[in-house]
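Enquirer: Residue numbers (the working numbering), protein chains in the order written: chain B, 285 to 453; chain C, 727 to 1181.
Be aware that one or more of the hints could be misleading.
[Claimed, not checked] Have a look at the derived ranges for each label pair, beta carbon to beta carbon:
hint : chain 1 : residue 1 : chain 2 : residue 2 : range
1    : C       : Arg-780   : B       : Gly-427   : 37 to 47 Å
2    : B       : Pro-341   : C       : Arg-799   : 23 to 33 Å
3    : C       : Arg-799   : B       : Pro-339   : 13 to 23 Å
4    : B       : Thr-424   : C       : Arg-757   : 47 to 57 Å
5    : B       : Pro-339   : C       : Glu-831   : 21 to 31 Å
6    : C       : Arg-799   : B       : Leu-311   : 56 to 66 Å
7    : B       : Ala-404   : C       : Ser-754   : 56 to 66 Å
8    : C       : Leu-889   : B       : Asp-332   : 46 to 56 Å
9    : C       : Gly-907   : B       : Leu-311   : 53 to 63 Å
10   : C       : Ser-754   : B       : Thr-424   : 29 to 39 Å
11   : B       : Leu-311   : C       : Ala-880   : 26 to 36 Å
12   : C       : Arg-773   : B       : Asp-351   : 35 to 45 Å
13   : B       : Arg-387   : C       : Glu-795   : 37 to 47 Å
Simulated from the structure, these hints should not be mistaken for lab results.
Yeah, the Cβ is synthetic: ideal placement off N, Cα and C, and Gly gets one too.
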Amino acid sequence: MRRRLAAVLLVVSAVAGCGITPTEPFLYGLPPRSPVTGVQLHLLFGGDAFEVLRPGPDSLGAAERLDLLFAGPTEAEFLAGVGTAVPAGYRRAGPVVEREAGRFAVVVDREDDRVPDLDARAGGQIACTVLPGVQRAGSTFDGVVVVLGASGRELGPYRCEPVIPPSRR
Amino acid sequence: MRLGLRARLLVAFTLVSVSTGAAVGAASYLRERDMVLSAAQDTMVERFRADLEREVPLDHSPTHAELVELAWRYRAVAVFANDHASGNGISFADVPKELRDQVRERRRTLVQRVEVNGQPYALVGAPLDGDVRGSTGVELYRRQHLGAQQDAIAALPRSAALLVLLSLLPAAVLALLAARGVLRPVRALRSGARRVADGHLDTRLPAGGSDELADLVRTFNAMTAELEGTVAELRRVDERSRRFVADVSHELRTPLTAMTAVTEALDDEALTGDAATAAGMVSTETRKLGALVEDLIEISRFDAGVAGLRPEPVELGALVVATLAARGWTDVVRVDLPSVGPSELDRRRVDVVLANLVGNALRHGAEPVTVVLRSSPDEVVVEVTDSGPGLADEVSPHVFERFYKADAARLRSEGSGLGLAIAWENVRLHGGSLEAGNAPGGGARFTVRLPRRRS
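With the rest of the complex left out, here is chain B (with noise of 0.2 Å):
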């Protein structure tokens, strides 16, 4: 009986073993908050959200974050791997405004007929985007319509999932 007691002590003191073992990753509480200053984009990395910033007022307004999202990632942004699912070849023309409440709308230019429509991911990279500036401009946010100038064709409205769905596949 005291040897079988012994032997169990033996085998629980070998498996919580000795010395410093290693772990999986585990919590330590939330990030830091650095006092950064910047305008946040909402741009894509490897097919997941990917949050930069650009230099600019935290108070900048919604057409203007827009104006930055249709520009694209910069050179540093590209050469890391950083990228959009906005096609290239938009451009705004024309104010946010809210058409009802909390539902916003705005005008863009394409350069030409081959530039594609948006897809699902751009709406929501739109969408985030804009979001901070209607927000700090008091109104509540129920999504935003793209209106494809020349025809008067309505993509949207698009609205800012917390995740994006994932298109890792």
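Starting from the known structure of chain B, fit chain C onto it as the hints suggest.
Expert: What follows is chain C alone, placed relative to chain B:
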């Protein structure tokens, strides 16, 4: 393997103390290890957090050069999307992929411990998030060597082992004290039991305390007291009955003397017919009764311990011849009597022994009866052998008992029934031995061994 009580107690106490010490040591080891590691990780994360929450010169996505600057500034690996820069003492390859994946996915501060080349490290990683808006896309990873912590943890089992070793000493002392407390009364009981076995029935042991061992000692004392009383009572009864026999024998002697005188007178009268037959019968029975009473008196002397030995130098061969001649057996007994030299014997008692053995052989065995004398430097041996059927196996152990009858049907024999018992007592008085057995060719054989010298 069987261990004594002392060793078993010692082993048990040692095992208890070692296992307790090991359990306590293991528990405190795990606790202290976690404390040491938590303290190191807390410090590391606090410093990392404090460094990152100071001013950050960043308001745009960093170029590679800017990323390198960030890495040096924070002494950390800086990662921006696919771009990365190594910091002071840590390279991108040192950061496990699972840590990077989880930091990117969960957007929290995360810690992971790893072992690189046998050295323990703790890594902390976090996204560089703004205090107003969310992510900047930059992640920072810092690494700390846990060598000092490893040394501190490695020292813990040594202190636990020291603790166990220190606890062994009092455990051994306690075990020995406990063993002594148990063993002392046990040892006393053992020596007491041995004294009782040696016949000292007055043995009593001191019974102190109220534990089980004291109970045992009291039971032991009660047992010996009871035994002593019983034995004394038995002795008294035995003594009384022997004295009764002695008294009766003595009381019978006087009337027997008178009766013997009368029967002798009757024998001298010239009686005829039935009267002569009756007178002869009375005379015979009276003589037998007289012999029986003499034997009883003799044996009661042995019982009373008053039978004395009067040794003198005796040539045993001559004594045998004299005994046979005195009883008229010279013609019916064959003898083989080499000269054995003188021995220290009581002439009268050896004569009684020889007469009883030869008489017994003549009465119960068959002729011829032989008497053979042998000798060694220390003893002389007389063998009396008859030519009868010999002694049955169930008879031999009892032939020296008083009034023992081998043949239950033959209630009246010519002997008194005490002859062999008296012979046995006489031989014993000489310090010799008397054995009953059978000769190789059949026939009972009685062997008398007598020491040559009184010791």
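Enquirer: Determine for every hint whether it applies to the structure shown.
Expert: Hints and how they fare:
A C-beta distance of roughly 39 Å is found between Arg-780 (chain C) and Gly-427 (chain B), which places it inside the suggested range of 37 to 47 Å. At about 24 Å, the beta-carbon gap between Pro-341 (chain B) and Arg-799 (chain C) stays in the expected band of 23 to 33 Å. Our hint of 13 to 23 Å for Arg-799 (chain C) and Pro-339 (chain B) holds, since their Cβ atoms are close to 19 Å apart. At roughly 53 Å, the beta-carbon separation of Thr-424 (chain B) and Arg-757 (chain C) lies within the given 47 to 57 Å, and the hint holds.
Taking the beta carbon of each, Pro-339 (chain B) and Glu-831 (chain C) are about 28 Å apart, inside 21 to 31 Å as hinted. The hinted window of 56 to 66 Å between Arg-799 (chain C) and Leu-311 (chain B) is violated, with their beta carbons roughly 26 Å apart. The hinted window of 56 to 66 Å between Ala-404 (chain B) and Ser-754 (chain C) holds, with their beta carbons roughly 58 Å apart. In this structure the hint that Leu-889 (chain C) and Asp-332 (chain B) lie 46 to 56 Å apart at CB holds, the actual value being about 54 Å.
Separated by about 59 Å at the C-beta atoms, Gly-907 (chain C) and Leu-311 (chain B) satisfy the suggested range of 53 to 63 Å. Checking the proposed 29 to 39 Å range against Ser-754 (chain C) and Thr-424 (chain B) shows it is violated: the Cβ atoms sit about 58 Å from each other. Checked against the hint of 26 to 36 Å, the pair Leu-311 (chain B) and Ala-880 (chain C) passes, with Cβ atoms roughly 28 Å apart. At roughly 40 Å, the beta-carbon separation of Arg-773 (chain C) and Asp-351 (chain B) lies within the given 35 to 45 Å, and the hint holds.
Remark: the range hint 37 to 47 Å for Arg-387 (chain B) to Glu-795 (chain C) is upheld by a beta-carbon distance near 44 Å.
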